[in-house]
Amino acid sequence: MPELPEVETIRKTLIQFIEGKTISDVQIHWPRIIKHPEDTERFKLQLIGQSFQHISRKGKFLIFHLDDYDLVSHLRMEGKYSVHPKEEEKDKHTHILFTFTDGLELRYNDVRKFGTMHLFERGRYLKVKPISQLAPDPFEQEFNLSYFTEKLLKTRRAIKNVLLDQTVIAGLGNIYVDETLFKAKVHPLKASCDLSKEEIKNIKKYAKETLAEAITQGGTTIRSYVASDGEMGMFQQKLYVYGQEDMPCVHCEDTVVKIRLSNRGTHYCPSCQREGA
DNA sequence: ACTAATGTTAGTCT
DNA sequence: TAGACTAACATTAG
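Numbering follows our numbering, in which position 109 of the first sequence is assigned residue number 185; successive positions increment by one, without gaps.
One or more of the hints may lead you astray.
What the hints assert, rightly or not - Within a straight-line C-alpha distance of at most 30 Å, the following computed BS3-like cross-link-like pairs (lysine-lysine) qualify:
| hint | residue 1 | residue 2 |
| --- | --- | --- |
| 1 | 88 | 168 |
| 2 | 162 | 120 |
| 3 | 277 | 259 |
| 4 | 189 | 259 |
| 5 | 189 | 334 |
| 6 | 203 | 88 |
| 7 | 266 | 227 |
| 8 | 111 | 259 |
| 9 | 203 | 284 |
| 10 | 261 | 277 |
| 11 | 284 | 205 |
| 12 | 314 | 273 |
| 13 | 88 | 259 |
| 14 | 111 | 203 |
Said to hold, decoys possible - Estimated spans, in silico, between C-beta atoms of each pair:
| hint | residue 1 | residue 2 | range |
| --- | --- | --- | --- |
| 15 | 346 | 143 | 50 to 60 Å |
| 16 | 324 | 143 | 35 to 45 Å |
| 17 | 313 | 113 | 36 to 46 Å |
| 18 | 160 | 333 | 41 to 51 Å |
| 19 | 229 | 335 | 45 to 55 Å |
Derived from the structure by calculation, the hints contain no laboratory data. Glycine included, every Cβ here is placed at the ideal spot set by N, Cα and C.
Based on the sequences and whatever the hints tell you, model everything.
Next up, the structure:
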C-alpha cells in the first residue's frame, strides 16, 4: 500500500533502470487504468518513440517525464513497476507494458486494478486533475505552519480523516497517519478545529519526521509492497501502533487498541492519546 | 464455502 | 457546501 515513502523508494530504484530508455511499443491489457487520454490507442501512439528523462514524485504520485509528455501514475493499493527482458514470462496481473528499444520492458502490475495513469503534454499535468488539487507534502516549502493551521482549524472532521485528505496534506496514508498521531499524542477522533497550537505543531513535525525516517528504511512492507528491484521495506519494524493492537504501548503500560473510523482500521494508545485532552 | 477486512481516491448522495 | 458514503477490484484470514 504505497504511501509517500514507498513511492519515493520506487522512484529512486526505477530511475536507475529506465533513465534514457526509448519506448518502442506499449501493450495495454486493462485499458481502464488509463484515464487520459480517453482513447487508449492515442495513449500508445503518443508514447512510442518517447524517451524517459527523469521521474519525479508529488505526494503519492509518480511522474515520468518524457521528451514531449508527462505520465502521471498512481499506484493506489497494489500497483507495482518492474523491469524485465521482454521475452520473460509475465504474470497474470501485469496490465500495461512499455517495451524499450534495447529489449527491456517496464511493466505495470496491479492485482486490484485500482491504479491510474494520465498522460499529458509536457508541463500540463500541474494544471489539471489529478495533480492540480493536490496539497503540498511535508517536504515542500509551501507546507508551512500558517498554511497547515488554517487548513486544520476550518473543519470539525476527525483529525485522522483530515490527515488522510490529500488536498490538505499530501503523502500520508493509513499507516503513517496512525504513527504520526501517536507520536504527537493526539487522539485520532479529535475534531480538527479543536486542536491546540502545540498539537498542530507536533502533528506537522512528526508527519515529516515519520515520512523521512520511513524513506531511509525503504518504506513499510505490510502485505505485499516491494520496491521495483524486489526489495522489501524495513520500516514495519519501527511501527509503534499500526498493526500493534493488543500489544503493550512503548511509552506506557497500556495496550494499543484498534477501532474503526470511517471504515478504516485505526490504531492508537488510549493512555498516550487521550480523547478530549 | 461464505464473510469481512484490506487501503486510496473520485464521484455521488445527503 | 461540508462531509459521509460507495464503487472500483482481488485476495486472504477467519
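Taking the hints in turn, this is what the structure says about them:
Taken as a hint, the residue 88 and residue 168 pair is honoured in the structure, with Cα atoms around 26 Å apart against an allowance of 30 Å. With a C-alpha separation of about 17 Å, the suggested pairing of residue 162 with residue 120 holds against the 30 Å cut-off. Between residue 277 and residue 259 the CA atoms are separated by roughly 12 Å; this keeps the pair inside 30 Å, and the hint holds. At most 30 Å may separate the alpha-carbon atoms for a hinted pair to count; residue 189 and residue 259 exceed this at roughly 34 Å.
With a C-alpha separation of about 28 Å, the suggested pair residue 189 and residue 334 falls inside the 30 Å cut-off, and the hint holds. Between residue 203 and residue 88 the alpha-carbon distance is near 25 Å, which keeps this suggested pair within the 30 Å criterion. Our distance criterion of 30 Å between C-alpha atoms is met by residue 266 and residue 227, whose separation comes to about 15 Å. For the hint linking residue 111 to residue 259, the alpha-carbon distance of about 38 Å lies beyond 30 Å, and the restraint is violated.
For the hint linking residue 203 to residue 284, the alpha-carbon distance of about 26 Å falls within 30 Å, and the restraint holds. Of the supplied pair hints, the one linking residue 261 and residue 277 holds, its CA atoms being roughly 12 Å apart against a limit of 30 Å. Annotation: proposed proximity of residue 284 to residue 205 holds, straight-line Cα distance about 25 Å (limit 30 Å). Taken as a hint, the residue 314 and residue 273 pair is honoured in the structure, with Cα atoms around 27 Å apart against an allowance of 30 Å.
A C-alpha spacing of about 28 Å is found between residue 88 and residue 259, which places the hinted pair at or below 30 Å, so the restraint holds. Simply put, residue 111 and residue 203 have alpha-carbon atoms about 16 Å apart, close enough for the 30 Å limit, and the pair holds. For the hinted restraint 50 to 60 Å between residue 346 and residue 143, the CB-CB distance of approximately 55 Å keeps it satisfied. Residue 324 and residue 143 have their C-beta atoms about 55 Å apart, which leaves the hinted 35 to 45 Å range violated.
Our hint of 36 to 46 Å for residue 313 and residue 113 holds, since their Cβ atoms are close to 43 Å apart. In this structure, residue 160 and residue 333 meet the distance hint of 41 to 51 Å, their C-beta atoms being roughly 43 Å apart. Between residue 229 and residue 335 the CB atoms are about 25 Å apart, so this pair departs from the stated range of 45 to 55 Å.
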